[in-house]
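Chains W and X are the protein sequences, given in the same order.
Under this note's numbering, residues 693 to 943 are what the first sequence spells out, in order.
Under this note's numbering, residues 30 to 129 are what the second sequence spells out, in order.
Simulated from the structure, these hints should not be mistaken for laboratory data.
Take the hints with a grain of salt, since some may be wrong.
Said to hold, decoys possible - Here are a few chain W residues that face chain X, going by a calculated C-beta distance under 8 Å: (1) Ser734; (2) Phe889; (3) Thr890; (4) Glu891; (5) Leu892; (6) Arg893; (7) Gln904; (8) Thr907; (9) Ser909; (10) Val913; (11) Gln914; (12) Leu919.
What the hints assert, rightly or not - Quick list of the computed label-pair ranges, beta carbon to beta carbon: (13) Gln45/X x Phe889/W: 23 to 31 Å; (14) Leu96/X x Gly746/W: 49 to 57 Å; (15) Thr50/X x Ala923/W: 21 to 29 Å; (16) Val704/W x Ala49/X: 35 to 43 Å; (17) Glu820/W x Arg98/X: 52 to 60 Å; (18) Lys765/W x Gln45/X: 35 to 43 Å.
Unchecked claim - Derived contacts from chain W toward chain X, CB cut-off under 8 Å, selection only: (19) Leu902; (20) Asp915; (21) Leu918.
Remember, predicted model here, so these are calculated numbers, not experimental data.
For glycine and all other residues, C-beta sits at the position ideal for the given N, C-alpha and C.
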Amino acid sequence: MKVILQCPVAVVGVPALSRKRPLVLSPFLGQTALAHTLSGLSGEGAKQICLQAGERTAEVLRAVGAGEVWGLKITGPDERDFAGARRFILDSLPQAPDLALWASYPVWFDAQMALLERMARQRVGMRELRPGVFVGLRTRLAPDARLTGPLWIGDNVFIGPGSVVGPQAVVEDDSYLDDGSEVVESIVGPGTYAGSFTELRRSFAWGRDLLQLDTGSLTEVQDRFLLSEAAAPKFSLTRLWKQWRHRLPIP
Amino acid sequence: MKLHHSPGVLVVTGLQELNATNAASVRDGVRGAVTSEVTGVDIDLSKTRFVDSSGLGALIAIHKLMLARGGHVRVLNPIHAVEQVFEVTRLNRLFEVVKI
Numbered sequence: 693m694k695v696i697l698q699c700p701v702a703v704v705g706v707p708a709l710s711r712k713r714p715l716v717l718s719p720f721l722g723q724t725a726l727a728h729t730l731s732g733l734s735g736e737g738a739k740q741i742c743l744q745a746g747e748r749t750a751e752v753l754r755a756v757g758a759g760e761v762w763g764l765k766i767t768g769p770d771e772r773d774f775a776g777a778r779r780f781i782l783d784s785l786p787q788a789p790d791l792a793l794w795a796s797y798p799v800w801f802d803a804q805m806a807l808l809e810r811m812a813r814q815r816v817g818m819r820e821l822r823p824g825v826f827v828g829l830r831t832r833l834a835p836d837a838r839l840t841g842p843l844w845i846g847d848n849v850f851i852g853p854g855s856v857v858g859p860q861a862v863v864e865d866d867s868y869l870d871d872g873s874e875v876v877e878s879i880v881g882p883g884t885y886a887g888s889f890t891e892l893r894r895s896f897a898w899g900r901d902l903l904q905l906d907t908g909s910l911t912e913v914q915d916r917f918l919l920s921e922a923a924a925p926k927f928s929l930t931r932l933w934k935q936w937r938h939r940l941p942i943p
Numbered sequence: 030m031k032l033h034h035s036p037g038v039l040v041v042t043g044l045q046e047l048n049a050t051n052a053a054s055v056r057d058g059v060r061g062a063v064t065s066e067v068t069g070v071d072i073d074l075s076k077t078r079f080v081d082s083s084g085l086g087a088l089i090a091i092h093k094l095m096l097a098r099g100g101h102v103r104v105l106n107p108i109h110a111v112e113q114v115f116e117v118t119r120l121n122r123l124f125e126v127v128k129i
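Construct the complete structure from the given sequences, taking the supplied hints into account.
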């Protein structure tokens, strides 16, 4: 099956999500919305994808490579070989076509909460510590951290002593929540450091960017000890693997 | 920064930002203007575009000063971005944030 995949790169309802990278590459439950879409299309039998993302097509194509990871052949925006192909607009996921993604920040947040359990059960290495509390690989949790589901904690995350996480929270891969921090009804983007006793409610924090989901207010936090990018080690085998795995001829 | 007195209250206005460059002068300016008649300090942040930890430190110093005198500090009309900084540091629980 051939599919023409049209990717919005910025949407009026959620401008902050496309601040750092094209909208479809914004974090969504451990991956990007685009990666989930490609998994879904592959599961429905797609073999070839014509990917279109306006003026940012090249950037999006770089992020997904040729598509071997999903068993797909992904090509650029040229539709000539795709006559009669199915057209899919990435404003919802193939796994949940009735669930809008980008209408507003609360809609985007609610979509993640609606899919949290289903996606967590499909993710390799994810453990369900308690009903609704999903934790990824190589994640360290302080014994007195309070975790309340529904909750997603990704791979290689540190949750410090006295922290409160959940209900309705997502902490993406490689993030670090320092002692006493609170993340409630919020999403912490990948590779984010939240300092001691910081509190996130109805927010999306990614690096130094802090977005209030209900008002849409976006601020860049000035102090790195409050909120910042988590410092990555100079050399990491995991990072190297993530960067190169798309290019290796591994089935 | 402008300081003026209304009965019993010191009102601070005109802060474009509250950060390391002006936090000490704001703190010292308010300290100097708090007389025995002043029981409250209203800090108008409606024009303040951003606040950092030095600015928050100045606000906490003013809060401690007024607490020792049995007075209070109110933060007036912060913009959303500044309000978010108050929330993430939990200082919205310490200060009375008033929107008029």
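Results for each hint:
At a threshold of 8 Å, the smallest CB-CB gap from Ser734/W to chain X is about 39 Å, leaving the interface hint violated. Residue-level restraint check for Phe889/W holds (minimum Cβ-Cβ distance to chain X is 7 Å; threshold 8 Å). The criterion of a C-beta within 8 Å of any C-beta in chain X is met by Thr890/W, whose closest approach is roughly 5 Å, and the hint holds. Among the interface hints, the one on Glu891/W holds; its C-beta lies about 5 Å from the nearest C-beta in chain X, closer than the 8 Å criterion.
For Leu892/W, the suggested interface contact is upheld, since its CB lies about 7 Å from the closest CB of chain X, less than 8 Å. Against a cut-off of 8 Å between C-beta atoms, the interface hint on Arg893/W holds, since the closest Cβ of chain X lies about 7 Å away. Checking Gln904/W against chain X by beta carbon gives a least distance of about 6 Å; that is within 8 Å, so the hint holds. A hinted interface residue such as Thr907/W counts as satisfied when its beta carbon comes closer than 8 Å to some beta carbon of chain X; here the least separation is about 5 Å, so the hint holds.
The beta carbon of Ser909/W comes within 3 Å of a beta carbon in chain X, closer than 8 Å, and the hint placing it at the interface holds. For Val913/W, the suggested interface contact is upheld, since its CB lies about 7 Å from the closest CB of chain X, less than 8 Å. Taken as an interface hint, Gln914/W checks out: its beta carbon lies about 4 Å from the nearest beta carbon of chain X, inside 8 Å. Satisfaction of the interface hint for Leu919/W is found here, the shortest Cβ-Cβ separation to chain X being roughly 7 Å, below the 8 Å cut-off.
Our hint of 23 to 31 Å for Gln45/X and Phe889/W holds, since their Cβ atoms are close to 28 Å apart. At roughly 56 Å, the beta carbons of Leu96/X and Gly746/W sit within the given window of 49 to 57 Å. In this structure, Thr50/X and Ala923/W meet the distance hint of 21 to 29 Å, their C-beta atoms being roughly 27 Å apart. For the pair Val704/W and Ala49/X, the supplied restraint of 35 to 43 Å holds, since their beta-carbon distance comes to about 36 Å.
Against the hinted window of 52 to 60 Å, the Cβ-Cβ separation of Glu820/W and Arg98/X comes to about 54 Å, which satisfies the hint. As the Cβ distance of Lys765/W to Gln45/X is approximately 55 Å, the hint placing it in 35 to 43 Å is violated. For Leu902/W, the interface hint holds, since its Cβ comes within 8 Å of a Cβ in chain X; the closest pair sits about 6 Å apart. Interface hint at Asp915/W: satisfied, since its Cβ lies 4 Å from the closest Cβ of chain X, which is below the 8 Å cut-off.
The beta carbon of Leu918/W comes within 6 Å of a beta carbon in chain X, closer than 8 Å, and the hint placing it at the interface holds.
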